[in-house]
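With these hints in hand, go ahead and build the complete structure from the sequences.
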Amino acid sequence: MTVWEGLVGQHSAVDLLRRIADERVGARSEEGAAQTRLAQAWLMTGPAGSGRSNVARAFAAALLCPTGGCGACSSCRMALLGSHPDLRVLRADKVIIGIDEVRELVAASYMSPSVGPLRVQIIEDADRMPERTSNVLLKAIEEPPETTVWILCAPSEADMLPTIRSRVHTVRLVTPSLDDVATYLETTEGVDPARAEACARLAQSHVGMARRLAVDESARVRRETSIRILLGILSAGFVAKGAADVLALAQEDAQSSAQHDADAEKAELMRQLGLPPGEPVPAQYRAQLRAFEEDAKKRDKRSLLDGIDRILTDYESVVRDALLTCLGAGQALINSEHAREIQSWVSTRKPAEIVALMDAIAEARKRIRGNVPPLLAVEALLTVAVDGKGANA
Numbered sequence: 240m241t242v243w244e245g246l247v248g249q250h251s252a253v254d255l256l257r258r259i260a261d262e263r264v265g266a267r268s269e270e271g272a273a274q275t276r277l278a279q280a281w282l283m284t285g286p287a288g289s290g291r292s293n294v295a296r297a298f299a300a301a302l303l304c305p306t307g308g309c310g311a312c313s314s315c316r317m318a319l320l321g322s323h324p325d326l327r328v329l330r331a332d333k334v335i336i337g338i339d340e341v342r343e344l345v346a347a348s349y350m351s352p353s354v355g356p357l358r359v360q361i362i363e364d365a366d367r368m369p370e371r372t373s374n375v376l377l378k379a380i381e382e383p384p385e386t387t388v389w390i391l392c393a394p395s396e397a398d399m400l401p402t403i404r405s406r407v408h409t410v411r412l413v414t415p416s417l418d419d420v421a422t423y424l425e426t427t428e429g430v431d432p433a434r435a436e437a438c439a440r441l442a443q444s445h446v447g448m449a450r451r452l453a454v455d456e457s458a459r460v461r462r463e464t465s466i467r468i469l470l471g472i473l474s475a476g477f478v479a480k481g482a483a484d485v486l487a488l489a490q491e492d493a494q495s496s497a498q499h500d501a502d503a504e505k506a507e508l509m510r511q512l513g514l515p516p517g518e519p520v521p522a523q524y525r526a527q528l529r530a531f532e533e534d535a536k537k538r539d540k541r542s543l544l545d546g547i548d549r550i551l552t553d554y555e556s557v558v559r560d561a562l563l564t565c566l567g568a569g570q571a572l573i574n575s576e577h578a579r580e581i582q583s584w585v586s587t588r589k590p591a592e593i594v595a596l597m598d599a600i601a602e603a604r605k606r607i608r609g610n611v612p613p614l615l616a617v618e619a620l621l622t623v624a625v626d627g628k629g630a631n632a
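Each number in our numbering corresponds to the 1-based position in the sequence shown with 239 added.
It is worth saying that the hints were derived from the structure and are not from the lab.
Treat the hints with care, as some may be off.
Per label pair, the in silico range of CB-to-CB distance [to be verified]:
#, residue 1, residue 2, range
1, 433, 568, 57 to 67 Å
2, 382, 506, 33 to 43 Å
3, 518, 416, 41 to 51 Å
4, 506, 416, 16 to 26 Å
5, 471, 602, 34 to 44 Å
6, 278, 309, 21 to 31 Å
7, 519, 431, 20 to 30 Å
8, 490, 334, 14 to 24 Å
9, 251, 582, 14 to 24 Å
10, 349, 431, 44 to 54 Å
11, 527, 567, 53 to 63 Å
12, 567, 396, 34 to 44 Å
13, 475, 353, 54 to 64 Å
14, 337, 474, 52 to 62 Å
Note that the structure is a prediction, hence the values are computed from the model and not measured.
The C-beta atom is built at its ideal place from N, Cα and C for all residues, glycine as well.
Shown next as structure tokens:
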């Protein structure tokens, strides 16, 4: 299994990036590859769930692999885990990416590769860099060392400074189709077709969310519970408890997700290093393991925000279904399992009130990213859900 095979629905992007990686190992490429093979700064763009970070990691693994991304060698496995000595990955564990974090990454970009011909630097959520921080990065990607490749990830090109956009080669990802996601779940997780289709639909083609729903019953229960909270808010007296319950669900979801990922990745790292479980770590590997553990701690900080964001995404799907039901659009519902509850909820609301709730969800997401305490942001959202209050109707 190559590094590309886990990327769902990104056929055009994979074809291009595989061609570039093949160039690195001297493979004969198709016409046009020569125009892009020397690009040392890349931008992966695409909607949430398209797999920007996964594509970036796969591309990095392919560039670092002696054979262009076999997926089986130690180089590929370490790169996919983020533990390769010639790969640095900067994740945003806060609302913004700090200037000192980027300065440290820029300094590392001028170091010679440790074990191969290239050093790869990935910045996930590059759209979270303020202008001043982006300018620090700009200086590095204008004239990078010949042995360094930068890979940035952002929702769209518009999220980056024009000066950076003009210096990167953009790879545009797409939202995978429901069929692609369902097929992925069937083939990789052994999920039966009916559940695979349902999970792909409920996750709105977000591959990571679909996989969690497919393999983790507790994740499905948390989703159902959060939706019942939204549809069950009947008066202002329910708001405070509802918000607290939503936050508790997000915390439970975050802990489950972070612990599962950390345990699996650490076990794989130990296996790659040839260390049996429970054995003392030799001195030569301690720095590598310490870096992995520090990275895991940073991800823990962001896990809660990701958990809340998943709930808000589910709420958007419910409100979307409610608006379609209210207007009698006749389109298929994402949350068809809740069609009866949605119909009952809609019967007491006007279209403008439902639209106001959609706006309130967007505002809650904006407030949380602006460091407003999540509990307050969710309370404000649920207040609008009470009989349409807050709507300009």
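### Query
Any of the earlier hints contradicted here, and which numbers?
When the structure is compared with the hints, numbers 1, 4, 5, 7, 9 and 14 turn out to be violated.
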